[in-house]
Structures are given as C-alpha cells and as structure tokens.
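Trainee: Take the given structure of chain G and dock chain R to it, following the hints.
Protein chains in written order, with the working numbering: chain G, 3 to 372; chain R, 3 to 372.
Keep in mind that the hints were calculated from the coordinates and are not lab data.
The structure displayed is predicted, hence computed values, not measured ones.
Backbone N, C-alpha and C define an ideal beta-carbon position, used for all residues, glycine too.
Incorrect hints may appear among the rest.
Rough simulated footprint, nothing fancy, chain R against chain G, three-plus residues with beta-carbon under 8 Å [to be verified]:
1. 9-18
2. 25-38
3. 65-79
4. 97-108
5. 217-231
6. 255-261
Protein chains: 2
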Amino acid sequence: MPDYRVSPLVQELPATVPFVGPETQERNQGSLFKARIGANESVFGPSPNAIQAMADAASESWMYGDPEFHDLREDLAAHHQVESGNIMVGEGIDGMLGYVARMFLQPGDTVVTSAGAYPTFNYHVNGYGGKLEFVPYRDDREDLDALIQKATQLQARLIYVSNPDNPMGSWWDAQSIESITKQIPENCLLILDEAYGEFAPPGTLPPLDLDNQRLLRMRTFSKAYGLAGMRVGYAIGNAELILEFNKIRNHFGVGRVAQAAARAALKDQAHLQRVLTQVNNSLETIKEIAVENGLMPLPTASNFLTIDCGKDGAFAAALMQSLIGKGIFVRMPGVSPLNRCIRITAGLPEELQILAETLPKVLEEVRKSF
Amino acid sequence: MPDYRVSPLVQELPATVPFVGPETQERNQGSLFKARIGANESVFGPSPNAIQAMADAASESWMYGDPEFHDLREDLAAHHQVESGNIMVGEGIDGMLGYVARMFLQPGDTVVTSAGAYPTFNYHVNGYGGKLEFVPYRDDREDLDALIQKATQLQARLIYVSNPDNPMGSWWDAQSIESITKQIPENCLLILDEAYGEFAPPGTLPPLDLDNQRLLRMRTFSKAYGLAGMRVGYAIGNAELILEFNKIRNHFGVGRVAQAAARAALKDQAHLQRVLTQVNNSLETIKEIAVENGLMPLPTASNFLTIDCGKDGAFAAALMQSLIGKGIFVRMPGVSPLNRCIRITAGLPEELQILAETLPKVLEEVRKSF
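Isolated chain G (complex conformation) (with noise of 0.2 Å):
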C-alpha cells in the first residue's frame, strides 16, 4: 500500500496515455517512421510566417505569455467576426475538454458520446467522475438524433459531437447540426468539437449562435493551421458561459510563443487554402491506392482518410501493425464495427510513395493469416 492518499476518484483511475505517441513506437521499433501519417498532424506544416513568428518570439520567450491571450482573442474574434468575449483560448481541444468536463460534471454524471469517438474526451470524462454513455455511429456517422434522444433520456450534463467527425471523417450538413443545438436538454451543454471544420465542404459548420448557452464550439491550430506542437485549441460561444473558463483555467497555460504562432497562422489564410489544396491532392492519391487494393476509403470532410478493410477489427490491426512494421504510422478506430477501418492522414508524395510501394506487399502478407 503506498504511503500517499489520492482522492477515491483518482484512486481508481487508469494509469494512461490515451494516444501512444509515435515517438514511443519509434523508440519501441528501434527506427524512426518513414511516413508519418497516423496523428492527423498537418504534414504540409504551419504558414512560413508562423515559423517566422516563433522564431522571432524564442528570444523573447523569457517573458510569460498574456494569461488574457488579448491579441490572440481579438485576431479570433475579428476572424470569426464575434467578441473576443466569445472566444477562450486555451491548451488544445484537449486541453478545453478537461475544462469543460471539469466546470459541468460532479462524480456520477452523465454525458452521451458516440462509441468509438474521441478517447481523449472519454479520457477527461472518466477523470472526473462523469459516467459515460454510448451511442452507437449509424453508417459510420454519429446518429444525432439518438445523441440527442438518450441525453435527454438519461439527463445527460455533456453531449460529444465531431463534425467532421474523428475517427470515420464523416460529417453532417450544418443544418442536421443545428437541429440538434435547438434540441439541447436543460441542464446538458452540447461540445461541438469542429478540429477539422476547416477542411469540410461549405455548408458544413453551422453559424455561429452566440445566444445558446447550452453550446459550445471547439477549434484549433493543431490540424488544418499545422501547430499541433505549440497546443492551441479555442471554445467559441455564449459570453456569460465562455466566461466560466476564468474560474478554472491554468491562466498561463498557453505561452508566449504559441500565442505569437497562432496569431501569424491565423493571419496567413492564403497558406490555408494552400494546405487545403495539398490535403484534397493527397487523399485522392490515398484513395486510389487504397482502391487499387481492393480496400474501401470512406467519404472524407477532414485531413484524412479512414479506410474500410472489408473484414474484422482483427485484421484491420493486423494491417495496421504491418504497415507500422514497415515504418509507415497509422492508427485505426478503436471500437467495433468502426474497427475494421484503418486511418491515413494526408502525407507528403514521398510518403504516399512508400504507402503505394509497401501496401500490396502488406496486405498479401496480413491476408494469408485471415
């Protein structure tokens, strides 16, 4: 028996990483990967200019960053043509879901979440207490009206919806989305983590409704604006409720320097659109050689491309630790029937090269065993 005494609720907590970085699968392999296409990360990079602006605010790195993030908040507001008082920046998505769960969840409450949808939100959920409630995807997209219903149903506090959608790359039209954001229950908040709305056709975000206080909106510099490594996500919502972040958040949690990217990579849209581009060029690629083997992509509104392997979550992994094998990273849902997918983010032509080069020679392999 240890001599310390967490709280009963941390007591019984998993010890986890609720993504194994591919870092740790290189060091396990020995080797480092030849295509990095597993995390969903931006391979196409941030704006040169937000390389720039990191570089110039290194040497001022000595300094805190605003804990306000007012010029942050402001180019946000401005850009999403809200008030900064709309807007809270904070340590990723991940790290305003921890809050978020953490503001509205007391041990035993409920919150409704697609069964195989993000860890890290189930991750945070369970960190406070919150019981957990599945709904399962109908046509591998999240079934919002079964959300919707067994929230309301179960009382539910938090309500989890992706869209686009990780892990399937699904999406609704913003009109199913906002649907659902007038059928709130009372007492619930729907998160609408939007990580990937940038690289969804239009009509898929619905406007901004800054009156709906039982909504809140998730983006992030990590995907589409290629900062996954300086972690900053944003909620954007009602005033009065974006305000509750100030009674918890870790004020300075956010740096000087990762403030300075953002704001450089929010400013270069046309980099963005660029990205966009690359993105759209190289799912295509994935997608021909994902058909070119006779496996299934499934239609995409994000930065990847989520592969039906046409049999079990068994030999879905088997493919997947194949190609990891080979020095190719990929990751794959972790719940049935999602799991007979695997996941390839948007790469570089070099990797798609090795993709194409090493995927037959994988499958024939896998296939023999199944």
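Mentor: The following block gives chain R in isolation, referenced to the frame of chain G:
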C-alpha cells in the same frame, strides 16, 4: 439566470486571473512598460542555444510533442541523478499545482499554506473545493514548524511550502526543510515549490529523497532558465507517486517546441551560471538603490528583491502604483504584514537606471500623502 448549469462547486467560484499580466496593465495605461521587473521573469533571457532550438523546432511544430516527454525526462533524470520515472513534466508549476490539487483533494479537504504565499496555488485549491488554512509568516519566513503542526492538527491533505520563498525571497537551509519532510502527517502531501531553487545559496535544497511518498518537489524552466513563455515545469518525487499524474494530466499539454527549448536550456549550464551572476549583480544594484532611498531590502535567495517600505500596505501599494504609472512594472505581496513590501525582479542595467531615476521622485510624491 443562465441557461446552463455548471457544477455547484464551479458556480461558487469567482472568475479571476490570479496574476494580472503586465500586458493587461500596458493596455489599460495605453503605454508599454520601460522596465519589466515585476513578474520574476529572467530578463537575461534563455540560453542562446534554447532560442536556436526553438527556431529549429518551429518548422517541426506541425507534429505533436511527445506526450511522454521521454527525452526531456531522460535529460532531467540525468541532471538530477534520478530515474526518469521520478520526473513528470507539465504546463509550468502552475499546471502541476493544479494537477496535485485535483489528485489529492475532495471538496472540504483541508490544505495548509502560509498567509501571503503563492496565490495560484490557492486558486487551484479553491478550484477543487479545498479549504485553505493559513499560517502567518514568522520573521518574513514561512513558519515550517507551525505549518506542520497545523497540518497535523487539522488532518490536512496538502501542505504548500516554497523554498526559496516567493514573495519574500527568504529561505530555509536544507536541514530545516529535511526536518519537516520527515514530519509530514499521514495521508498528507507536502508540495515543496523550488521554482527559485537555482538562485539559492548552496545548502538550501535538501538532497532528493525518492523514498518519501509524502513529498513532491517542483521545479521550473520559467525562472533561472529564462523560459517563462514556454511553460515547462516538472515534479520530482517517488516513482509510484509520479505515476499518478498519468491518470489525469493533459498528455499533450507541453508541446514540441517547449520540450526542445527546455532540453537545450538544461544542457547549457554555463549560461545558467552567467545568469546567476547577472542576477546577483542586478540585485546588488537594486539593494543600493533601495537603501539610498531609505527603504530596507530583505535578504533574498531568489531572482528578486523584496523591499520593506517601512510603512503599511497602503503605502507600499501607492508606491507600487506610482512606479507602474511611471512605466516600471513591479509587484507586491498581497497579505499583511508582508504587504509593507514591494517586490522587484532583477533587471537589465538600463532598467535599473530608470528605477534609480524614478524611485526618488515617486517616493517623494507618495510620502506626501502618508
């Protein structure tokens, strides 16, 4: 009434910023500070190698940082001659304090700290519903015996001690600290905040005791290493205890560039030594300025000087406000009798020149009203 419902605990919390940033004050004043010597940042900057490491890592910032901080923890372990399992990295000591409060506290649990000690710790304790019990400073030092006594008597779950102390700059020798680490009551954890440890004279920091499961030591790259804007702190302690962080932490909270910066800074111990000399020289100058103006600098083992202004809190506050009004950013302790002091961080020669020129005028003005 809002149309949302946060938890009863969060509902009662005030929306706050534990430390108003100098940027906020600059915005309010409509002018920039001429001397930024209030936040105990290292105006002498990080190692040039760290700046270069950040610039280099900037182009890799599209990749998430390693969520296990493997390389940084290995480096820190080698530096402190412990195992990497004895180290956990987080979003500054602020972030780590939040994690510890979350791990150890249930609403209503007692926490013992000194009256006037680190407000951000108190913020986190309140944020998790802890009940703060305060022990007065004695002779401007934390009263170690009284802290232990109160914690024992009240069956506290946490004790907070900073050595060297912020905001007073005072310190205890290693033997005195070691003595209390052996008296930590059952079911209680002592947080030993050594943010200013690098500045302290030899014999201040006790040897690491990795068997003691009731003790966590906190260190940071924000002070002597000059990386406040990167937000990298770490805890050193018993391996089993350290593992608890993996149950609740925001795994990707410290990004790739921040990790690279910290590693480079740690490696450049020569720069650290130069900074210590610069800090020492600067504090000597501030001491002289204070004495010349009839103020009484207190002994310090940190990178700041706490100066007894010889009158009450209102006088010190007026002096601080006047300095701020003249473009000199300084701070002061928030609680009587500590608040008879102002606190000035080691600065550049040109900043101290401005201080030397401004202080007599400001003092003359303020003394008229007292």
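Trainee: Does each hint fit the structure? Answer for all of them.
Mentor: Comparing the hints with the structure gives:
1. Only when three residues or more bring their CB closer than 8 Å to a CB of chain R does the claim for the region 9-18 of chain G stand; here the count is 8, and the claim holds.
2. Given a C-beta distance limit of less than 8 Å, the hint that chain R covers the region 25-38 of chain G holds, as 4 residues qualify and 3 suffice.
3. Note: the region 65-79 of chain G has 7 residues with beta-carbon separation from chain R under 8 Å; the three-residue rule is met and the coverage holds.
4. Given a C-beta distance limit of less than 8 Å, the hint that chain R covers the region 97-108 of chain G holds, as 7 residues qualify and 3 suffice.
5. Note: the region 217-231 of chain G has 5 residues with beta-carbon separation from chain R under 8 Å; the three-residue rule is met and the coverage holds.
6. Counting residues of the region 255-261 of chain G whose beta carbon lies closer than 8 Å to any beta carbon of chain R gives 6, which meets the minimum of three for the stated coverage.
Consistency with the previously given hints is maintained throughout, with no hint failing.
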